[in-house]
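Undergrad: In the order they appear, the protein sequences are chains A and B.
The working numbering applies: residue 1 is where the first sequence begins, and numbers increase by one.
The working numbering applies: residue 1001 is where the second sequence begins, and numbers increase by one.
In short, the hints are calculated from the structure, not lab data.
Wrong hints could be hidden among the right ones.
[Said to hold, decoys possible] Stretch-level coverage of chain B by chain A, calculated; a stretch enters the list once three of its residues show a Cβ under 8 Å from a Cβ in chain A: (1) 1059 to 1071; (2) 1116 to 1129.
[What the hints assert, rightly or not] Below, computed lysine-lysine pairings styled on PhoX-like, alpha-carbon distance capped at 25 Å: (3) A/355 to B/1184; (4) B/1047 to A/91; (5) B/1022 to A/185; (6) B/1138 to B/1154; (7) B/1203 to B/1184; (8) B/1136 to B/1170; (9) B/1136 to A/355.
Fair warning: this is a prediction, and the values are worked out from it, not measured in the lab.
Note that beta-carbon positions come from the ideal geometry of N, C-alpha and C, so glycine has one too.
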Amino acid sequence: MKTGQELYNEHLNRIKTAVAMKKTDRTPVMLHAGAFCVRYAGGKLSDLVKNLEYGQELVLKGLQAMGDIDCVVGTAEYPPIMGASYLAHVKVPGRELPDDMQWQIDERGVMTEEDYDTVIDKGWDYFFTDVCKNRLDNVLDEMQYVGKFAAKAAKMYEDAGIVILPPVMTGLPFSAFCGGRTIPKFMRDLHRIPDKVQAAIDAAMVSRVESLRQQIRTVNPYSVFIGGGRGAGDFLSIKAFERFVWPYFKKLVEVMVEEGANAYLHLDLSWDRFLNYFLELPKGRCIFHPDSTTDIFKAKEVLQGHMCFMGDVSPSLLTLYTPDDVYEYSKRLVDEFSPIGFIMAAGCCVPANAKPENVKAMLAAAFDN
Amino acid sequence: MSQKLVEAMAELDEDRVLEEIKALKSQNVAPLDIIASLQEGMGIVGKRFEEKEYFLSELIMSAEIFNEASQLLGGMGGAGTASKYGTFVMGTIYDDIHDIGKNIVTTVMSSNGFNVIDLGVDVPTAKYVEAIKKYKPKVIGISCLLTTAFDNIKECIQTLEKEGLRKDIKILIGGGPVDEATCKYVGADHVCKNAQETVEYSKKYMGV
């Protein structure tokens, strides 16, 4: 029987091998599945809200019941703070929603056009603190509550031998402004006041970069989470993508690598139009995790040998199909990607209502191969 | 038809659109004719979107300009019967409060000549039933971002069938996790990947 530390080291080494784009002893698995695990462990989604520690214990119990999980995206999935980085409210089970209903981001457009000037003149930190205190029901209190528990949660996972792949998170100012303004208003801003939007993005980046450096130096993470969904898909022209999204995405990844961390690229929406850009990122230091909307096989053609892949079993496969269907797709992923660096995972996350037998089928394809 | 207005709309030149509308109003051009020019411009925007010259950002911007322009004309109601293509009913299914995709689709459909009935979010089946009986749409849209709401869409469509409301309408679904498998599972007619696809599908079905 391996100790938690031995298991942890085994998992971390397996992940490191995959990120180095080498074949592993078996395909490593990442299970980003807080809501699913709580239910699988017999709890309700409101357990994640009402008692952080108990909710986390349920998640861990659900994870361990699924098998030898190598890593997760984060600890302490605490729904009340999930909208903050998008400057948005969130409706959570047990409060605004029934006990076992999925939490949902509620974008009400708390950011005004004048707020771009506030960010430019006073910086992101001043603006974000003000928004959290005065427009998001003082979500700072909730964030501090989670912060106090973070170290304990990390220890729970480490003792269980599960690697928290990116214990540090960052994101694009573009995503925050988009959530804060709402999509229609933000898209209009991009056309009507592009210089001001860009100046605010530049201003926000100053503290983002500094904060990222400090967090990496404090936590010494294996990798850092970065998302950017609304910069992808069909939202923007290439010209707008190159102006408002990509330089900032690239900069943050470069900072991660400069500080000694790897980049976990959490890529919601389709990035098919932008695959070549990822070749500009440091080789062998990134994990490309599409949400099943990007054509992962096309991504392989472009990015093979440049970065490791993760994914991408879709929400519909996990909820609507049979275990055989899931196994067949997952096996194809293993066959095509494992020799070049691969971590098995759902696209984005495992839905709360995924069929347990389908999740097991996805994992079996990794464990068997 | 004002070619200047059509071009300004197609180029997403908000200032020029508003100036031209004021000029046309001062010349006593009928609001319905002005709306027709705007819709002609929106048609060009849609074509450019399909040709990948424009993207969602431009599609949303065009709808925003259209809305502002139609306000100058006293709203769509003030412009007379501006909807050329019939009625489109849409909402986000119950237990799901996400409205981003729904709002984009309803705005773009409205600015492309459809009479849009927006039922909002967290819409119970009874509200769809009521709206279909009242407005008699040819196409309805159901949006969802949560896989946990798939069964709710399925229940809604089954109820429409039981009520005898299903056979004369097309049901479109859309949202992040929605794909062909979802479409088959819930019994919808078509998955729309974006707002423009909803416009094109609806026009085709209505024989426009």
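Undergrad: State for each hint whether it applies.
TA: Cross-check of the supplied hints:
no. : hint             : result
1   : 1059 to 1071     : holds (count 4)
2   : 1116 to 1129     : violated (count 0)
3   : A/355 to B/1184  : holds, 18 Å
4   : B/1047 to A/91   : violated, 38 Å
5   : B/1022 to A/185  : holds, 24 Å
6   : B/1138 to B/1154 : holds, 19 Å
7   : B/1203 to B/1184 : holds, 23 Å
8   : B/1136 to B/1170 : holds, 12 Å
9   : B/1136 to A/355  : violated, 38 Å
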